[in-house]
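Number of protein chains: 2
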Amino acid sequence: MTRPVKILAFAGSLRKNSYNKLLLQAAAKLLPASAQLEIVGIDGIPLYDQDTEVLGIPQSVKRFKENIESADAILITTPEYNHSFPGVLKNAIDWASRPYGHNSFNGKPVAVMSAAPGLFGGVSAQDQLKQVLVALNMHVVAQPAVIVTSVHEKFDINYELVDADAKQFMKQLLANLVDLTRRITQSEEWLQEAPLSTQ
Amino acid sequence: MTRPVKILAFAGSLRKNSYNKLLLQAAAKLLPASAQLEIVGIDGIPLYDQDTEVLGIPQSVKRFKENIESADAILITTPEYNHSFPGVLKNAIDWASRPYGHNSFNGKPVAVMSAAPGLFGGVSAQDQLKQVLVALNMHVVAQPAVIVTSVHEKFDINYELVDADAKQFMKQLLANLVDLTRRITQSEEWLQEAPLSTQ
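So the protein sequences, as listed, match chains V and F. Going by this note's numbering, the residue at position 22 of the first sequence is 129; the numbering climbs one at a time, nothing skipped. Going by this note's numbering, the residue at position 185 of the second sequence is 292; the numbering climbs one at a time, nothing skipped.
Heads up, some of the hints might be wrong.
It does not matter which identical chain is used: a pair holds within one copy or between any two.
Said to hold, decoys possible - DSSO-like cross-link-like pairs, simulated, lysine-lysine; straight-line CA separation at most 27 Å:
| hint | residue 1 | residue 2 |
| --- | --- | --- |
| 1 | K169 | K123 |
| 2 | K123 | K172 |
| 3 | K278 | K169 |
| 4 | K274 | K136 |
| 5 | K113 | K136 |
| 6 | K169 | K274 |
| 7 | K172 | K113 |
| 8 | K274 | K172 |
Derived from the structure by calculation, the hints contain no laboratory data.
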């Protein structure tokens, strides 16, 4: 029995109409045919407090950890706040790495994308985030860097991504994420994929 | 009328018996005579959500912003989680930098210390945090680096810091923070301080 590569995706923003959430919707339409994307929110995850952890992992964190653990690969979209990624995203990651010895991200391939209102926001956020992901023993897909700048100009009024370049880079990053997942796991169970054209 | 240099201090951990909170208590006893330290918690600050911000800044965030704005300098103690500082700390910083154009940290001198259970935890957390603080247009006191490693061995049973080296480094960092604050503000109102011995 073969099966698709399962990618779990979440955005580092709680805002309802967040562009980084929209980017996940767009990514779902740019996947290789052999992959599927599940989008979850980090909205219900409380602030990390070790005193809380000792009493028991909150249900929302348990669900988040189970979603991560049952995925083959991870996709994160992140805005940039103050030269880094949001505290709310780091907080969700901190929880998923706990309790000690039970890091749900361990060994998983991961790709990062950013939507930014300006011209370069996202670069520093991704730099800091990727350092954290490496420290979590994840396999970071480094290329292509995907930052959808001036993002408000790149979605139409139906919240559909309409920028051809952004779509091409996202498509390539997602293909690279799936390819890395196949290579690392060396599993026989994956659906086969037609080779990507080299563009 | 002269007055002391007011330092606002907070720890990047919510745990009640956090070593980084204890470090703030210890710092209060190692200040130059011309300075005073006020310790606040970041416990009540909710997760940042721009949809919430648009409805109005939460009271806990307002108080935190006012505390920061009325201080002359800032002291932050931070643990290291996953190669960086905690999400809960970044979240509090994100809030205090909002709304757009009303960054409460703007122009303030800041020093950072870490308590760590192991031998090197804190280095990467401080690196990432200092990048964020610079992006907030703060003046970071770079030296000495203060990381109290194997911290559980350095407090006695009354939660008193008893490690002479740690105390000496903390004392120097606090003196440097106060000195930088005096130089940057070039105010006439500061209490005078006897010059520090060079060791």
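Going down the list of hints, with the structure as the test:
Taking CA atoms no more than 27 Å apart as the test, K169 paired with K123 passes in both settings, with 23 Å inside one copy and 23 Å between copies. When the C-alpha separation of K123 and K172 is checked against a cutoff of 27 Å, the pair qualifies both within a copy, at 22 Å, and between copies, at 25 Å. With identical chains, the CA atoms of K278 and K169 are never at most 27 Å apart, being 31 Å at best within one copy and 43 Å at best between copies. Taking the closest pair of Cα atoms, K274 and K136 come within 27 Å of each other only inside a single copy of the chain (9 Å); across copies the shortest separation is 57 Å, beyond that limit.
When the C-alpha separation of K113 and K136 is checked against a cutoff of 27 Å, the pair qualifies only within one copy, where the shortest distance is 14 Å, while the shortest distance between copies is 54 Å. Taking the shortest Cα distances, K169 and K274 never come within 27 Å of each other, neither inside one copy (33 Å) nor across copies (41 Å). With identical chains, the CA atoms of K172 and K113 are at most 27 Å apart within one copy only, with a shortest distance of 15 Å there and 43 Å across copies. Taking identical chains as interchangeable, the C-alpha atoms of K274 and K172 are never at most 27 Å apart, the minima being 29 Å within one chain and 40 Å between chains.
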